[in-house]
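**Student:** Chains P and X are the protein sequences, given in the same order.
Each residue of the first sequence is one higher than the last, beginning at 1 in the numbering used here.
Each residue of the second sequence is one higher than the last, beginning at 181 in the numbering used here.
These are calculated hints, taken from the structure and not from any lab test.
Misleading hints may appear alongside valid ones.
[Stated by the list, open to error] Covered stretches of chain X, as calculated for chain P (at least 3 residues, CB under 8 Å): (1) 451–464; (2) 496–503.
[Claimed, not checked] Calculated from the model, a selection of chain P residues having no Cβ within reach of chain X, i.e. all distances over 10 Å: (3) Val92; (4) Ile108; (5) Val151; (6) Thr159; (7) Leu168.
[Stated by the list, open to error] Taking CB as the label site, the calculated pair distances span: (8) X/Val499 - P/Leu128: 36 to 44 Å; (9) X/Pro714 - P/Arg104: 25 to 33 Å; (10) P/Ile75 - X/Val499: 29 to 37 Å; (11) X/Glu710 - P/Val92: 51 to 59 Å; (12) X/Ile554 - P/Leu128: 29 to 37 Å; (13) P/Pro169 - X/Ser699: 52 to 60 Å; (14) P/Ala58 - X/Arg778: 20 to 28 Å.
All C-beta atoms, glycine included, are put in the ideal place defined by N, C-alpha and C.
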Amino acid sequence: MIRYFAPLAVFAVIVVIFAFGLHQAPRKDLVPSPLIGKPAPSFTLPSLANPATPVSNAALRGHWYLLNVWGTWCISCRIESPELLAIARTGVVPLIGLDWKDSRSAAIRYLKQRGNPYQQIAFDPGGLEAIHWGVYGAPETFMVNPQGIIVYKYIGPITPGAWARDFLPRLQAGQAVSGS
Amino acid sequence: MIPELGEFALILALLLAVLQAFFGIAGPALGRDRWTAAVIPAVAGQFVMISTAMGCLMTAFIDNDFSVRYVAENSNSALPLFYRIAGVWGAHSGSLLLWIFLLGCWTLAAAFGTARLPRNFAARVLGVLGTVSIGFLLYTLITSNPFVRLDPPWADGMGLNPILQDPGLVAHPPVLYTGYVGLAVAFAFAGAALLEGRLDREWARWTRPWATSAWAFLTCGITLGSWWAYYTLGWGGFWFWDPVENASFMPWLMGTALIHSLAVTEKRGLFKSWTLLLAVLGFSLSLIGTFLVRSGVLISVHSFVASPGRGEFILTFLVIMIGAALGLYAWRAPQMQSEAGFELSARESFLLFNNILLVTACGTIFAGEMAPIISLALHLGKLSVGPPYFDPTFLLSMLPLLVLLPLGIHARWKRGGLGGRGRTLLIALAAAALIGCAVAFGVFTGAGILAPVSMTLGAWIILASLIDPIDRLRRRIAVPRAVLGMTVAHIGLGVFVIAMTAVQGFTAEQDVALTRGMSARDGGYTFQFERIKPVHGPNYGGAEAKILVTRHGKPVTVMYPQKRTYWVQHMVTTHSAIDINGGSNILVALGQNLGDGRWSFRLQVRPLVLYIWIGALIMAAGGLLAITDRRYRIAAEREAAATDPLPAGGSGP
Chain P
1 MIRYFAPLAV
11 FAVIVVIFAF
21 GLHQAPRKDL
31 VPSPLIGKPA
41 PSFTLPSLAN
51 PATPVSNAAL
61 RGHWYLLNVW
71 GTWCISCRIE
81 SPELLAIART
91 GVVPLIGLDW
101 KDSRSAAIRY
111 LKQRGNPYQQ
121 IAFDPGGLEA
131 IHWGVYGAPE
141 TFMVNPQGII
151 VYKYIGPITP
161 GAWARDFLPR
171 LQAGQAVSGS
Chain X
181 MIPELGEFAL
191 ILALLLAVLQ
201 AFFGIAGPAL
211 GRDRWTAAVI
221 PAVAGQFVMI
231 STAMGCLMTA
241 FIDNDFSVRY
251 VAENSNSALP
261 LFYRIAGVWG
271 AHSGSLLLWI
281 FLLGCWTLAA
291 AFGTARLPRN
301 FAARVLGVLG
311 TVSIGFLLYT
321 LITSNPFVRL
331 DPPWADGMGL
341 NPILQDPGLV
351 AHPPVLYTGY
361 VGLAVAFAFA
371 GAALLEGRLD
381 REWARWTRPW
391 ATSAWAFLTC
401 GITLGSWWAY
411 YTLGWGGFWF
421 WDPVENASFM
431 PWLMGTALIH
441 SLAVTEKRGL
451 FKSWTLLLAV
461 LGFSLSLIGT
471 FLVRSGVLIS
481 VHSFVASPGR
491 GEFILTFLVI
501 MIGAALGLYA
511 WRAPQMQSEA
521 GFELSARESF
531 LLFNNILLVT
541 ACGTIFAGEM
551 APIISLALHL
561 GKLSVGPPYF
571 DPTFLLSMLP
581 LLVLLPLGIH
591 ARWKRGGLGG
601 RGRTLLIALA
611 AAALIGCAVA
621 FGVFTGAGIL
631 APVSMTLGAW
641 IILASLIDPI
651 DRLRRRIAVP
661 RAVLGMTVAH
671 IGLGVFVIAM
681 TAVQGFTAEQ
691 DVALTRGMSA
701 RDGGYTFQFE
711 RIKPVHGPNY
721 GGAEAKILVT
731 RHGKPVTVMY
741 PQKRTYWVQH
751 MVTTHSAIDI
761 NGGSNILVAL
771 GQNLGDGRWS
781 FRLQVRPLVL
791 YIWIGALIMA
801 AGGLLAITDR
811 RYRIAAEREA
821 AATDPLPAGG
831 SGP
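All chains should be built: construct the whole structure from the sequences, respecting the hints.
**Tutor:** Have a look at this one:
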């Protein structure tokens with residue numbers, strides 16, 4: 001009656017896979033974004049500070065930049081905010097904010113209290129632009145090269161370790177190649 | 181005080197769940213009737229405690245008690261009352277409490293529903309439900325306590341995630357969870373049969389209403405989620421094969437197999453060990469879904485914030501719960517002998533194929549879910565599995581199912597054959613093919629091969645389902661609710677198949693150039709370009725077109741697509757106009773000014789898309805109709821009469 005043990009055996013294999021997946025889980029890169037290696041979707045959105053000035057990523061061509069998706073309602077973004085400020089101080093790469101599904105007044109108040117790491121902030125209250133970027137949750141950070149190609153996507157709050165391990169090497173390698 | 185009361189109630193609920201599990205399983209096993217009788221008070225007490233905990237968390241939300249961490253992180257004093265209540269299940273900890281509360285409700289219902297069944301069996305069912313409850317209560321108390329206080333309290337909360345502030349999303353989790361948790365009852369019935377080592381046809385009749393109602397709730401929950409995704413995620417698709425969508429779809433497929441397999445076990449006493457396995461797997465998959473969503477193993481739109489320890493806990497719980505059930509299965513199932521054989525053309529065969537195909541579909545989806553993790557484990561690099569994998573593999577197992585369904589519902593039990601319905605079915609097929617081809621080639625254009633075939637299948641399923649009820653009506657024989665329910669559910673499936681084919685095969689999209697007064701046709705609608713006028717916004721200027729939409733000369737709607745130019749950088753964006761008409765979804769986008777008063781437009785008509793969800797809801801309604809069948813009540817009364825002579829006082833303390 002071996003066959004009655006088959007479900008148990010299959011389940012044991014699945015558990016091993018799950019245990020492995022769990023072990024890998026903090027890396028959060030098991031499901032890579034299909035957008036990596038593809039041109040970044042172009043957007044023009046009103047700026048957070050002033051609705052009359054649009055923010056567009058077309059103007060960023062020729063430069064490396066990080067697009068950081070955030071919102072005041074997002075708890076992990078609060079955790080991430082000191083690290084973003086530290087990154088902004090180093091001046092290695094400009095941070096562009098995409099304020100996602102948020103209210104303008106709350107976002108402005110939030111940045112006044114905590115400091116603003118972003119060079120420009122696009123305001124996307126309806127969340128339609130974020131769909132084109134395949135945003136699943138906040139925070140998410142996209143690294144875009146001077147040719148406008150998404151080279152990397154990071155899900156979750158950026159930690160100092162992640163910055164050193166996942167961001168800096170890519171930026172340095174890329175900037176060495178492009179000679180800037 | 182109230183949060184502490186809630187936490188205390190949860191701890192008491194855990195203690196009572198332990199008693200419930202112990203008395204329910206040990207009582208019958210050791211033949212101690214007084215232990216067995218103690219299960220019911222434990223169930224009742226646990227329900228009171230869980231309801232108290234739920235009430236306490238809800239009160240904390242309604243009263244804006246921002247000294248409670250979970251409330252502070254997920255609510256805000258500016259939030260309307262409606263969303264403050266929904267905030268209870270807006271994030272991880274509270275949604276677990278909702279899970280536990282719904283399990284409490286199902287357990288209470290099971291206690292009433294099994295009151296007339298043999299006492300030992302009923303106690304075992306409740307005992308198994310107790311073990312599930314222990315797992316979730318421990319999980320909540322150890323890793324995800326929603327009642328933790330903040331010191332000092334916050335002046336105001338962070339507010340509910342804006343994505344969740346939507347009526348569709350307020351209803352989606354409770355309905356879906358009701359389905360998920362309902363599968364636990366079928367699981368408990370299977371567990372009780374395995375513990376007893378005995379399974380007869382009555383067991384299948386007892387289990388069916390529970391399995392079917394859980395399945396109906398699961399159907400509604402998935403439908404709500406799909407509809408929400410369609411209208412918020414930019415009117416795109418209705419199904420994305422997102423890991424978490426799959427996590428709810430796999431138990432649904434297993435549940436669908438289970439309700440069909442139960443029919444065979446009840447009617448013919450066959451497929452016993454298989455039915456048991458399906459009942460175990462259905463709930464196991466809903467537990468695995470919980471693990472996938474909450475452990476951070478898979479990233480998806482539904483991901484909860486992953487925190488260390490949570491994943492390990494659920495995995496351990498999975499190993500104990502599912503491992504024990506499958507171990508018990510391996511030990512006991514060989515004793516569950518089937519009672520008889522059947523011919524190849526009998527209904528049993530069709531239902532066997534139904535089960536094989538549904539389980540295969542579920543298996544391929546599961547493989548797709550696992551592939552990225554396995555590929556990483558074997559150092560094969562990163563892998564992303566999407567619609568190019570899921571669409572064809574799913575279709576491959578579902579198309580044969582649609583072909584077999586109309587034959588299966590008319591095949592006779594045991595001896596086989598179509599019982600003289602062969603000719604009627606052929607006529608129905610011919611009519612369906614006529615309808616299918618007329619729709620595919622006449623109403624729409626550009627049909628491939630798949631579209632007329634699946635249209636025909638959808639129509640055939642509907643027509644074939646009607647044969648039996650119409651025949652009974654003509655002969656003035658009452659149609660039992662079970663037959664009516666099955667008919668309704670299968671018609672729902674037919675509607676769903678036709679709608680899905682229309683959307684996948686006949687979504688009409690074209691770019692046209694029009695001058696004022698001119699019109700274009702797309703997807704059966706006529707779009708007349710009436711006029712264009714300038715629009716002025718705070719930071720943009722632009723143009724707005726007025727489009728009159730007509731169908732067969734009758735006005736349908738007026739649409740106003742916009743095109744905006746943001747002044748400072750001369751960036752152009754388009755704002756499409758969207759309308760729903762007769763179940764179809766119409767979209768018009770304004771394009772370029774081509775000069776000489778000519779403008780380009782993008783027209784899109786997605787036909788019958790609304791019927792995808794309507795079809796699914798009809799299926800669920802069919803399930804609910806079927807469980808009101810008289811024979812469940814009559815049999816219950818007969819059993820009550822039969823068990824009454826047993827020791828008195830069996831109904832509790």
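**Student:** Determine for every hint whether it applies to the structure shown.
**Tutor:** Going down the list of hints, with the structure as the test:
no.: 1; hint: 451–464; result: holds (count 5)
no.: 2; hint: 496–503; result: holds (count 4)
no.: 3; hint: Val92; result: 26 Å, holds
no.: 4; hint: Ile108; result: 16 Å, holds
no.: 5; hint: Val151; result: 15 Å, holds
no.: 6; hint: Thr159; result: 14 Å, holds
no.: 7; hint: Leu168; result: 21 Å, holds
no.: 8; hint: X/Val499 - P/Leu128: 36 to 44 Å; result: 43 Å, holds
no.: 9; hint: X/Pro714 - P/Arg104: 25 to 33 Å; result: 26 Å, holds
no.: 10; hint: P/Ile75 - X/Val499: 29 to 37 Å; result: 31 Å, holds
no.: 11; hint: X/Glu710 - P/Val92: 51 to 59 Å; result: 54 Å, holds
no.: 12; hint: X/Ile554 - P/Leu128: 29 to 37 Å; result: 35 Å, holds
no.: 13; hint: P/Pro169 - X/Ser699: 52 to 60 Å; result: 58 Å, holds
no.: 14; hint: P/Ala58 - X/Arg778: 20 to 28 Å; result: 27 Å, holds
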